[in-house]
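Taken in sequence, the protein lines are chains A and B.
Note that the working numbering gives residue 49 to position 49 of the first sequence, counting from 1, and the numbers run on in steps of one.
Note that the working numbering gives residue 30 to position 30 of the second sequence, counting from 1, and the numbers run on in steps of one.
Honestly, I wouldn't trust all of these hints.
Said to hold, decoys possible - Here are the simulated lysine to any residue pairs, SDA-like style, with alpha carbons at most 25 Å apart:
1. A:K63 <-> B:Q109
2. A:K65 <-> A:I77
3. A:K65 <-> B:A64
4. A:K57 <-> A:A31
5. A:K63 <-> B:D176
6. B:K75 <-> A:A71
7. A:K63 <-> B:R173
8. A:K57 <-> B:M160
9. A:K63 <-> A:C24
Simulated from the structure, these hints should not be mistaken for laboratory data.
Here the structure is a predicted model, which is why all the values come from computation and not from measurement.
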Amino acid sequence: MKLGSRIAVRMRCMRTRRILQNYCDAELDDASTNRVAAHIEECRRCGLEVSVYKDIKRSLQTKSKQVNPDALERLRILAEQLANVAKADGFDYDD
Amino acid sequence: MPDLGTQMSSEDSFELYVIPELEVLARVALTITRNSADAEDLVQETLLSAYRAIDRFDGTHPRAWLLTIMRNTEKKRHRRRRPNLLRDGDAVERLAFSAPDQVDNSPEQAYIANEFLGVVTSCLVNLPDRHRQVVELIDIDGLSYAEAAEIIGLPIGTVMSRLHRARARIRQRLGDAGVAPKRSLL
Numbered sequence: 001m002k003l004g005s006r007i008a009v010r011m012r013c014m015r016t017r018r019i020l021q022n023y024c025d026a027e028l029d030d031a032s033t034n035r036v037a038a039h040i041e042e043c044r045r046c047g048l049e050v051s052v053y054k055d056i057k058r059s060l061q062t063k064s065k066q067v068n069p070d071a072l073e074r075l076r077i078l079a080e081q082l083a084n085v086a087k088a089d090g091f092d093y094d095d
Numbered sequence: 001m002p003d004l005g006t007q008m009s010s011e012d013s014f015e016l017y018v019i020p021e022l023e024v025l026a027r028v029a030l031t032i033t034r035n036s037a038d039a040e041d042l043v044q045e046t047l048l049s050a051y052r053a054i055d056r057f058d059g060t061h062p063r064a065w066l067l068t069i070m071r072n073t074e075k076k077r078h079r080r081r082r083p084n085l086l087r088d089g090d091a092v093e094r095l096a097f098s099a100p101d102q103v104d105n106s107p108e109q110a111y112i113a114n115e116f117l118g119v120v121t122s123c124l125v126n127l128p129d130r131h132r133q134v135v136e137l138i139d140i141d142g143l144s145y146a147e148a149a150e151i152i153g154l155p156i157g158t159v160m161s162r163l164h165r166a167r168a169r170i171r172q173r174l175g176d177a178g179v180a181p182k183r184s185l186l
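So that you can see chain A by itself, here it is in the shape it has in the complex (with noise of 0.2 Å):
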């Protein structure tokens, strides 16, 4: 690869390391996904720090909290009761 060539790739691996976990959170806009996704496709090393990243969202997935089952029944029997109280006769809310 021409010195030039390297130059350009190097340049586009900086502009990707810097957005590199937007990417990963789907948070960019459709042109820069496109370029991030062409140059992981030619770049193995930013490549592989999509991969880690993507590894490290992945584990950080399997945390999600397990809300209280119980709790939840009870705020969803308040919600319901708060999307019902119009049709309710005589329903106290109290502010």
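Following the hints, complete the assembly by docking chain B onto the known chain A.
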């Protein structure tokens, strides 16, 4: 109390916009309060405030709207009570984490996955509070950058900066522990 003349639409709006977000609200409340009883109280108060305000909600971005209400509700709760015990000794232990999934059945892969998860977990627990909070809101609770910024009450750029630094620290530790490639220098 909501306007009686618009009660039917309020009812529909509440059912349409609020109830589907209930579980997300509960998870985020747990992240913010780090205590299940406080989290339930916070969601209850958020629901009541949302009900009072539903007539003024235009129907766009209900989750962001609810998260703003939750943030304001939590601020009021702070004012009413002593400062929240955000980092008391066993707060982290009380986090009700589920068991990690094993995605690969081979012993070697399972071992590496387990080591990887161990480093991530250890690093997460030891992150500074402000960094760990954004990681939990975005990676664990599933909020977008904008939604996390909404609930924390900070600019989106600050949220991104904290998130990226936190993950970069985790990534560095994974490389040091030998369960991920060392970060390549450009």
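Hint by hint, here is what the structure shows:
{"no.": "1", "hint": "A:K63 <-> B:Q109", "result": "holds, 19 Å"}
{"no.": "2", "hint": "A:K65 <-> A:I77", "result": "holds, 21 Å"}
{"no.": "3", "hint": "A:K65 <-> B:A64", "result": "holds, 20 Å"}
{"no.": "4", "hint": "A:K57 <-> A:A31", "result": "holds, 23 Å"}
{"no.": "5", "hint": "A:K63 <-> B:D176", "result": "holds, 22 Å"}
{"no.": "6", "hint": "B:K75 <-> A:A71", "result": "holds, 22 Å"}
{"no.": "7", "hint": "A:K63 <-> B:R173", "result": "holds, 18 Å"}
{"no.": "8", "hint": "A:K57 <-> B:M160", "result": "holds, 15 Å"}
{"no.": "9", "hint": "A:K63 <-> A:C24", "result": "holds, 18 Å"}
Of the numbered hints stated above, none is contradicted by the structure.
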